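Line by line, the protein sequences are chains U and R. Quick note, in our numbering, the first sequence goes up one by one and the last residue is 1671. Quick note, in our numbering, the second sequence goes up one by one and the last residue is 1671.
The hints are simulated quantities; they were obtained by calculation from the structure and are not laboratory data. Some clues are possibly wrong.
If chains are identical, the list can't say which one is meant, so a pair holds when it fits in one copy or spans any two.
[Unchecked claim] Restricting the straight-line Cα-Cα distance to at most 20 Å, the calculated cross-link-like pairs of lysine to aspartate or glutamate (DMTMM-like) are:
(1) K1524 / D1510
(2) K1524 / E1478
(3) K1522 / E1601
(4) K1570 / D1547
(5) K1520 / D1510
(6) K1524 / E1584
(7) K1517 / D1481
(8) K1626 / D1511
Small disclaimer: the values here were computed from a predicted structure and weren't measured.
Protein chains: 2
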Amino acid sequence: MKKIPVAMQEVIDNFERLPGIGPKSAQRLAFYLLSVPETVTDDMGEAIKNLKKKIKICRECFGVGEDELCEICSDSSRDRKIICVVERADEVMAIEAVGNFKGVYHVLGGVINPLEHIGPEDLKIKELIKRIEVGGVEEVILATNPTIEGEGTALYIKKKLEESDFKGKISRIGSGLPMGAELGFADQVTLSRAFEGRREMNV
Amino acid sequence: MKKIPVAMQEVIDNFERLPGIGPKSAQRLAFYLLSVPETVTDDMGEAIKNLKKKIKICRECFGVGEDELCEICSDSSRDRKIICVVERADEVMAIEAVGNFKGVYHVLGGVINPLEHIGPEDLKIKELIKRIEVGGVEEVILATNPTIEGEGTALYIKKKLEESDFKGKISRIGSGLPMGAELGFADQVTLSRAFEGRREMNV
Chain U
1469 MKKIPVAMQE VIDNFERLPG IGPKSAQRLA FYLLSVPETV TDDMGEAIKN LKKKIKICRE
1529 CFGVGEDELC EICSDSSRDR KIICVVERAD EVMAIEAVGN FKGVYHVLGG VINPLEHIGP
1589 EDLKIKELIK RIEVGGVEEV ILATNPTIEG EGTALYIKKK LEESDFKGKI SRIGSGLPMG
1649 AELGFADQVT LSRAFEGRRE MNV
Chain R
1469 MKKIPVAMQE VIDNFERLPG IGPKSAQRLA FYLLSVPETV TDDMGEAIKN LKKKIKICRE
1529 CFGVGEDELC EICSDSSRDR KIICVVERAD EVMAIEAVGN FKGVYHVLGG VINPLEHIGP
1589 EDLKIKELIK RIEVGGVEEV ILATNPTIEG EGTALYIKKK LEESDFKGKI SRIGSGLPMG
1649 AELGFADQVT LSRAFEGRRE MNV
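With the sequences and hints as input, model every part of the structure.
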């Protein structure tokens, strides 16, 4: 016996496709939308329909933007001598939210993960090497996540850069205890990284 | 510095309006949608836009349907002598999913909650009394949730029914330990309810 109206079921099915949203949450969200004014559902539906039409992948850094070249790559005040390599486009936004980094980015589109059949050729690594071969780059910051796959991908890119004729600096983002953490609760790898990455204090 | 493209920010803002979805989840969902084929975002946007246009509130039970009268209220095989009173329309679906109940429903649209300024007049209680006054109803099952507000609302409706000329049975859904629960972990109210609601075993 199916008593959920079709129009409702369609919304539920669509929400269920989203990561982290199960059948119960999807139903709750659909019922919530029933309770809001129609302008809200109209706006939301329109925004979702427009998303893939309006967003373009930047041909330089493979981040997201509304043009062929994203806002960062087309900004002449950014320092093209430093490239920060990240896994995904949302990480660009996380770094931009801090606002300290003035260089440009390169979005790999993932990490090397043999278990999920993702090899180096599935990522934008060749494109990174190509960008660097054009010249002018002085530092590549490898900012893949400090996970097994992220570390492996960083090592792979480091090797590829060394094999190329890149003569600049290759760096890796700092690893250690996050702000607010407690030594007693940190895992061993994090603790050992925190010691390896210690810096002299200059008061 | 704002580097999130407008079309993306619009989707993020819309997701953030949904209950239980914070800024980080909203961003993650928007980036997920970037990775799916455009037909998926088209379908999803269309389904959300159609929701409030196609779904109607049933004029009899105040549940959801695609017509003036919902599928249950317009089903002649349902037993109109038993009305099950619930708080919200999604609870109708939960009960329908079990498939045992053959009566009809009445959706209150919430519970009496003085802290949130929701009084009896904000709920469909008058409409319930009116339905019963037409006659033919033999039992009203009060299936509001076993919370403080749900219990209070059930008591209020019971009083109103007794004040009316309703001569049928007024019952309350069973309360006690849920399946799979353990006595040792149950709270005191649930345990005492489980004892009050004990039934003779007929093997």
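For each hint, the structure was consulted:
1. When the C-alpha separation of K1524 and D1510 is checked against a cutoff of 20 Å, the pair qualifies only between copies, where the shortest distance is 16 Å, while the shortest distance within a copy is 23 Å.
2. For the homomeric pair K1524 and E1478, the shortest alpha-carbon distance between copies (15 Å) is at most 20 Å, but the shortest distance inside one copy (28 Å) is not.
3. When the C-alpha separation of K1522 and E1601 is checked against a cutoff of 20 Å, the pair qualifies neither within a copy, at 31 Å, nor between copies, at 57 Å.
4. For the identical chains of this complex, K1570 and D1547 are intra-copy neighbours only, at 6 Å inside a copy versus 70 Å across copies, given an alpha-carbon limit of 20 Å.
5. In this homomeric assembly, K1520 and D1510 come within 20 Å of each other (Cα to Cα) both inside a single copy, at 17 Å, and across copies, at 9 Å.
6. In this assembly of identical chains, the alpha carbons of K1524 and E1584 never lie at most 20 Å apart, being 26 Å within a copy and 45 Å across copies at closest.
7. Within a single copy, K1517 and D1481 get their C-alpha atoms as close as 16 Å, and across copies as close as 14 Å, so both meet the 20 Å cut-off.
8. For the identical chains of this complex, K1626 and D1511 are neighbours neither inside a copy (45 Å) nor across copies (42 Å), given an alpha-carbon limit of 20 Å.
Taken one by one, the earlier hints fail for this structure at numbers 3, 6 and 8, listed in ascending order.
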